[in-house]
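S.K.: The chain contents come next:
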Amino acid sequence: MHMRESSIMKVHYYTGLAAIVLVAIHVLFRLTVPEGYYASLEYENVLANYKNISYVVVLELILITVAIHGFNGLRVILLELRQGNIWESAVRWLCIAGALAVLAYGTRTIILASMM
Amino acid sequence: MGDIMKKVKVRIQRFNPSKDRYATYDEYDVTAERWTTVLDALLYIKAHIDHSIALRYSCRMASCGSCGMLINGVPRLACYTKVYELNTDVITCKPLPNFPIIRDLATDFKEFFAKHKSMKPYIINEKADGNAREFIQKPEDVEMYLQFSYCIKCGLCYSACPTVGTDKRFPGPQALAQMYRYLIDNRDDATKERLRIVDDRHGVWRCHFAGSCSTVCPKGVDPALGIQLLRAYLLGYGKEKRKKGAMLYSRT
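As given, the protein sequences belong to chains A and B, one line each in that order. If you read the first sequence in our numbering, its first letter stands for residue 103, the second for the next number, and so on. If you read the second sequence in our numbering, its first letter stands for residue 9, the second for the next number, and so on.
Derived from the structure by calculation, the hints contain no laboratory data. Since the structure is predicted, the reported quantities are computational estimates derived from the model, not experimental observations. Beta carbons: idealized from backbone N, C-alpha and C, even for Gly. Treat the hints loosely; a few may be bogus.
Under 7 Å between C-beta atoms, here's a sample of chain B residues computed to sit facing chain A [stated by the list, open to error]:
no., residue
1, Asp-175
2, Lys-176
3, Arg-177
4, Leu-242
Quick list of the computed label-pair ranges, beta carbon to beta carbon [to be verified]:
no., chain 1, residue 1, chain 2, residue 2, range
5, A, His-128, B, Glu-93, 52 to 62 Å
6, A, Gln-185, B, Leu-233, 19 to 29 Å
7, A, Leu-180, B, Glu-119, 18 to 28 Å
8, A, Gln-185, B, Gly-246, 26 to 36 Å
9, A, Val-125, B, Gly-244, 25 to 35 Å
10, A, Leu-176, B, Ser-71, 36 to 46 Å
11, B, Asp-58, A, Arg-106, 47 to 57 Å
12, B, Asn-95, A, Gln-185, 34 to 44 Å
13, A, Trp-195, B, Asp-37, 58 to 68 Å
14, A, Ala-192, B, Lys-118, 26 to 36 Å
The whole structure should be built from the sequences, with the hints applied where relevant.
M.R.: In structure tokens, the structure reads:
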């Protein structure tokens with residue numbers, strides 16, 4: 103079972119656009135801290151962000167969109183690099199596994215940070 | 009008025025894959041006039057200096073698409089390129105990139121035509137019964153695909169495409185533009201079948217939109233536009249432009 107390429111590319115384009123918007127929101131969050139941009143990057147302030155549920159949702163969404171968009175981009179590059187059924191199948195499953203691993207590790211980090 | 013005669017050096021890449029390991033260059037001096045094309049110069053060399061040069065040509069008027077080659081680094085038709093317009097004293101002719109070399113400037117179009125054929129470049133419509141009836145189209149229906157029908161299959165766009173250079177399964181700009189030409193033709197009735205062919209991991213989505221295909225086309229076709237329109241169609245845009253099927257009209 104596999105998705106049509108047009109469906110994959112729709113997801114690719116939409117996650118790319120969503121990532122731009124979400125990263126913009128993420129950067130704007132830094133600018134809205136009353137103590138200023140540099141203070142917002144201090145350890146305690148960064149950690150405090152993870153207590154804010156809406157910010158956590160934004161971070162998780164960034165993780166999801168960037169992982170999907172990034173690994174699909176990698177898949178496209180590798181498909182153009184070499185062709186062949188074994189190679190293409192390996193690339194597909196490695197990229198899916200890579201995206202899932204990044205999602206799992208990133209989500210774990212978000213959950214741990216929110217519990218600290 | 010300036011000089012009407014000009015001496016140029018023509019450098020031709022020589023390579024026979026069955027004998028040679030490396031390509032070499034032979035140089036020939038040719039006198040060109042204002043109207044002399046690169047093909048004229050090559051044919052002069054072949055007739056008077058070196059008979060062994062291999063090149064393909066036919067119509068000499070940019071209609072057959074046979075004499076495509078890399079002239080001073082750009083894919084061009086030799087019959088459509090005047091020596092004077094190159095504005096140089098040295099003209100380097102090489103075979104088209106992305107095509108296997110048969111010998112010297114002659115390249116193998118087998119794969120290129122196979123990809124073109126895989127796009128089913130003809131009208132598919134069960135209503136076409138062959139009983140002296142024809143489909144009638146409005147001028148605006150024809151405009152949808154007209155520029156793409158000017159393609160002469162010279163392979164210049166294919167040779168300029170960076171994706172074809174890396175992905176051998178990519179159909180190339182010529183084939184994809186022809187696919188759009190038949191997809192958007194309201195006499196054609198095989199939309200789903202056509203979309204299935206190009207909606208592949210080595211299909212229409214692999215175009216990087218470098219646009220070099222459109223830049224080198226000698227007939228003014230814009231394959232890059234065709235590919236983007238084909239993509240847009242797959243994404244659900246532009247479907248409303250495709251009118252309902254053309255009507256059958258009987259002259260008898």
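S.K.: Each hint should be assessed against the structure and marked as holding or not.
M.R.: Structure-based check of all given hints:
For Asp-175 of chain B, the shortest C-beta to C-beta distance to chain A is roughly 5 Å, which falls under 7 Å, so the interface hint holds. With a least beta-carbon distance of about 6 Å to chain A, the hint placing Lys-176 of chain B at the interface is held under the 7 Å criterion. At its closest, the beta carbon of Arg-177 of chain B sits 5 Å from a beta carbon of chain A; the interface hint therefore holds under the 7 Å criterion. Checking Leu-242 of chain B against chain A by beta carbon gives a least distance of about 4 Å; that is within 7 Å, so the hint holds.
Take His-128 of chain A and Glu-93 of chain B: their Cβ atoms lie about 54 Å apart, and the range 52 to 62 Å holds. Distance hint check for Gln-185 of chain A and Leu-233 of chain B: the Cβ-Cβ separation is about 27 Å, which falls inside the suggested range of 19 to 29 Å. For the pair Leu-180 of chain A and Glu-119 of chain B, the supplied restraint of 18 to 28 Å holds, since their beta-carbon distance comes to about 23 Å. Checking the proposed 26 to 36 Å range against Gln-185 of chain A and Gly-246 of chain B shows it holds: the Cβ atoms sit about 30 Å from each other.
At about 27 Å, the beta-carbon gap between Val-125 of chain A and Gly-244 of chain B stays in the expected band of 25 to 35 Å. A beta carbon spacing of about 45 Å between Leu-176 of chain A and Ser-71 of chain B agrees with the range 36 to 46 Å that was offered as a hint. Our hint of 47 to 57 Å for Asp-58 of chain B and Arg-106 of chain A holds, since their Cβ atoms are close to 53 Å apart. For the hinted restraint 34 to 44 Å between Asn-95 of chain B and Gln-185 of chain A, the CB-CB distance of approximately 40 Å keeps it satisfied.
Checked against the given bound of 58 to 68 Å, the beta carbons of Trp-195 of chain A and Asp-37 of chain B, roughly 60 Å apart, stay inside it. Look at Ala-192 of chain A against Lys-118 of chain B: about 30 Å separates their beta carbons, and that is inside 26 to 36 Å.
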